[in-house]
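Numbering-wise (the UniProt record's numbering), the sequence shown opens with residue 1 and increments by one.
Keep in mind the hints are simulated off the structure, nothing from the lab. There could be a bad hint or two in this list.
As the list claims (entries may be wrong) - Okay, derived cross-link-like pairs now, DMTMM-like style, lysine to aspartate or glutamate, Cα gap no bigger than 20 Å in a straight line: (1) LYS36 to GLU25; (2) LYS70 to GLU119; (3) LYS70 to GLU57; (4) LYS70 to ASP59; (5) LYS70 to ASP49.
These figures come from a predicted structure and were not determined experimentally.
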Amino acid sequence: MLHVSPITDLERLHPTTMADTLSEEAISALRLQVVKYMNSAAAAILLFDYALTFHLEVDLIWPSAWSPAKILFVSARYTPFFDVPMQLYYSTARMFFKRCAQINIATTCSTIFGLAMSEAIFVLRTYALSGRRRRIICVFGAIYSICVVAIVIMLSVLLRYQSYSVFPLGLGGCN
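Construct the entire structure; sequences and hints are all you get.
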């Protein structure tokens with residue numbers, strides 16, 4: 001004798017999926033809600049990481065002399081404290097489309113700046129680990145420069161032609 005659960009019986013009698021029962025607008029709203037949750041999770045992880053490593057930063061970074069590496073570190077370390085709250089605001093607050101564009105441009109530029117600083121740290125670290133071989137810094141520096149220039153060009157085109165629409169179901173934020 002085969003035992004079938006009531007849920008399976010119900011699915012056989014009425015074979016619909018969640019996508020069939022929800023409108024496109026409701027599905028979009030659910031997806032946007034997931035984005036908001038991810039932004040909130042990013043903020044929590046940022047604060048948690050900062051709490052775990054702040055004492056090391058105070059002991060190891062703060063007393064050292066200012067150098068290009070320290071400037072890169074501070075830039076990469078603190079831009080997320082602008083990016084993450086702005087992204088949360090961008091995805092939740094009710095605002096006009098012009099304001100959405102301004103916040104999106106500022107957040108995107110700041111995020112790219114922070115990522116570029118982090119990648120520069122990796123280039124310098126690879127150079128140091130290679131025994132300061134000139135070929136390594138030249139190759140990785142060239143790759144880094146090409147990538148940064150390409151990203152800046154692509155983002156300037158993307159941000160110039162980006163448009164915004166009203167969030168589905170009256171949700172706040174920019175879409």
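Evaluation of the provided hints:
Of the pairs offered as hints, the one joining LYS36 and GLU25 holds, with about 17 Å between alpha carbons and a cut-off of 20 Å not exceeded. Restraint check for LYS70 and GLU119: satisfied, since their Cα atoms lie roughly 14 Å apart, inside the 20 Å limit. Restraint check for LYS70 and GLU57: the C-alpha separation of about 11 Å stays at or below 20 Å, so the hint holds. Among the hinted pairs, LYS70 with ASP59 is consistent with the structure: their alpha-carbon atoms are about 14 Å apart, no more than 20 Å.
Restraint check for LYS70 and ASP49: the C-alpha separation of about 19 Å stays at or below 20 Å, so the hint holds.
In this structure, every one of the numbered hints holds.
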